[in-house]
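Trainee: Residues per chain are reported as follows:
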Amino acid sequence: MRSAIFLLLILSTIVLATFPIFFTWANRVEPSFIGLPFAFLWQIAMALLGAFFLACWYLVESRSGDLDIEVESEASK
Amino acid sequence: MIPMLMLAGFLGLILWINRRQMGVKTLNDYATASHSIGVLGITLGFLATWYVGAGYTVFSGFAVSFGMIGMYVIPYGIITMLVMYLVAEKSFIWGKKYNIRTQSELLGLRYRSDAIRVLTGFAGVALSVPWLLMEWYTIGYVFNYATDGFISPLLGMIIGIFVVVFYVALGGMRSVITANIIQGLYMLIAGSAILLWVIYTQLGGIEGAMQRILEQSPEALTFPGPGWDMSPNYWMAIVITSGLGGFMWPWVYNKLFAADSIRTIKQSVLFAPTLGILSFGLLFLLAMALHPLPFAQQNPQEAMFWIHSQAGAWPLGFFAVLVMAASLGTVSSILNAMSTAISGDLAQVIKRDISEKTALQIARWSVVFMSIGALIGAYIREGQLVFLALMTYQGMIVLSPVVLLGLYWKRANKIGAVNGFLAGMAVSFGLTIFEPAFIITYGWTPGVYGFLTTLSIMLIAGYCRPVESHVEKLWQDIAIAKSTKPTGKLATAKSI
Chain A
48 MRSAIFLLLI
58 LSTIVLATFP
68 IFFTWANRVE
78 PSFIGLPFAF
88 LWQIAMALLG
98 AFFLACWYLV
108 ESRSGDLDIE
118 VESEASK
Chain B
215 MIPMLMLAGF
225 LGLILWINRR
235 QMGVKTLNDY
245 ATASHSIGVL
255 GITLGFLATW
265 YVGAGYTVFS
275 GFAVSFGMIG
285 MYVIPYGIIT
295 MLVMYLVAEK
305 SFIWGKKYNI
315 RTQSELLGLR
325 YRSDAIRVLT
335 GFAGVALSVP
345 WLLMEWYTIG
355 YVFNYATDGF
365 ISPLLGMIIG
375 IFVVVFYVAL
385 GGMRSVITAN
395 IIQGLYMLIA
405 GSAILLWVIY
415 TQLGGIEGAM
425 QRILEQSPEA
435 LTFPGPGWDM
445 SPNYWMAIVI
455 TSGLGGFMWP
465 WVYNKLFAAD
475 SIRTIKQSVL
485 FAPTLGILSF
495 GLLFLLAMAL
505 HPLPFAQQNP
515 QEAMFWIHSQ
525 AGAWPLGFFA
535 VLVMAASLGT
545 VSSILNAMST
555 AISGDLAQVI
565 KRDISEKTAL
575 QIARWSVVFM
585 SIGALIGAYI
595 REGQLVFLAL
605 MTYQGMIVLS
615 PVVLLGLYWK
625 RANKIGAVNG
635 FLAGMAVSFG
645 LTIFEPAFII
655 TYGWTPGVYG
665 FLTTLSIMLI
675 AGYCRPVESH
685 VEKLWQDIAI
695 AKSTKPTGKL
705 ATAKSI
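Residue numbers (my numbering), protein chains in the order written: chain A, 48 to 124; chain B, 215 to 710.
None of these hints come from the bench; they were simulated from the model.
If we take Cβ atoms under 10 Å as the criterion, some of the chain B residues that face chain A in the derived model are: (1) M285; (2) P289; (3) W308; (4) I420; (5) Q425; (6) A451; (7) T488; (8) L499.
Coverage of chain A stretches by chain B, computed from C-beta distances (three or more under 8 Å per stretch; other residues unrestricted): (9) 55 to 69; (10) 83 to 89; (11) 96 to 106.
No experiment lies behind these values; they were computed from the predicted model shown.
Virtual Cβ for every residue (Gly too), placed ideally from N, Cα, C.
Modelling step: build the complete structure from the supplied sequences, incorporating the hints.
Mentor: Shown next, in the form of structure tokens:
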């Protein structure tokens, strides 16, 4: 369930950055910031948001001990 | 003279830093460094491998010509982050438990099929060849440009081959990662610094450069860019195909098997694409800033070298080393992965009683022969390399349903995987070669249709047959591994 929520949030940022309906809306020059057009800023903002959700997912997994897995190797080939 | 000395110094550093890594004894160690690499090595290994030298010539040339299109690296990086995060756990657990060395071996285990192993192994090698050729050519080009024609492209390629073959054949994955750390650190720190320096000293800073584009060519600030009429579907298609296909390359994927823990991989997943987005975002920003300049317009692929040469010998030297670092990182990883695939996924499947020593020798000699073959290919077919390299992405994305469904869907089976993969490839390359009108008018790249074909066939085949018995055992491996985790504090202390 927890993974599904994070997955959904990250997929949402990808949809907002790429799907034609959202992309076309964001594909404009104004409003700009330090000369960067809105089209760039939108892509950067979605990437940062996606990275933020992924970092949260990692922290949640890390705190719950899900990343501390030990694997026994079978006899070498 | 300064750029030539800097290139020689950088190559010397790569060899010197690898001097203690040359004693590899088994194919397993050659291919995975015995699952011993930590977060720094995996992060910078991903970075140096994934971002190619041609990004600074051919691909930045697209941004010089068309502006905004270059920013596709940003959303594509996020998709790759997500794919890497999703495949990390099962790839690592099965990889370590069954001593897996390649992506194809993993797929062979998951689908219990030699056919899928050989098929994906062969496809991985064949689709990587154009990239190997293009990166060799880039290495030759760097030497030629940086020395003002003193070193010919052919001689430059030979020098590059000598260095790479030496450390890859003798040191395997351990040497590749050690070199990747130097290459990745250089790309991040010195590379980003020189790009920023050139933006501020030659183009009036980010604001000044963007203002110039706004005044002279405002259409470059939005998609699709000047002189190009393309549907927004094309943006979605290139971002998704690059994002899904980018991590399917065997030379990127195999870094998962070299990691020492899942924590290492997941930390690297957070760092590598984020650092890559910053680094390549900066590169494409500079490339777009060059758009209004007449020389850059007429010579888009040469534009990045040209602006650095305008800034002086030192900036040109720093930039030449940056491109060399990116190229060597990719070439060394391709050679390591291809030689492992030839030895492990082809030779050892055809003749199962090959000893580890013989398998290692096959891998090492594969590096030598592939390098010489690629040198000849790069020299003869230079003009067609970009086209071939871009075409390979249309094939690579077809592999993603085979990998992702294999890892997450118990019903995915070998009949669906083999038939789906073959049909997807046929659709993807058929549409690429014949290019029917709807490809241009609708905007989706051929790989998207290939991807959908593979996905559909795998889903249908999955629902037509019961779950295979060995799959339950593999899922059980994951459950057992997760249930036997050590106490949190101990594990954290160990990872630090």
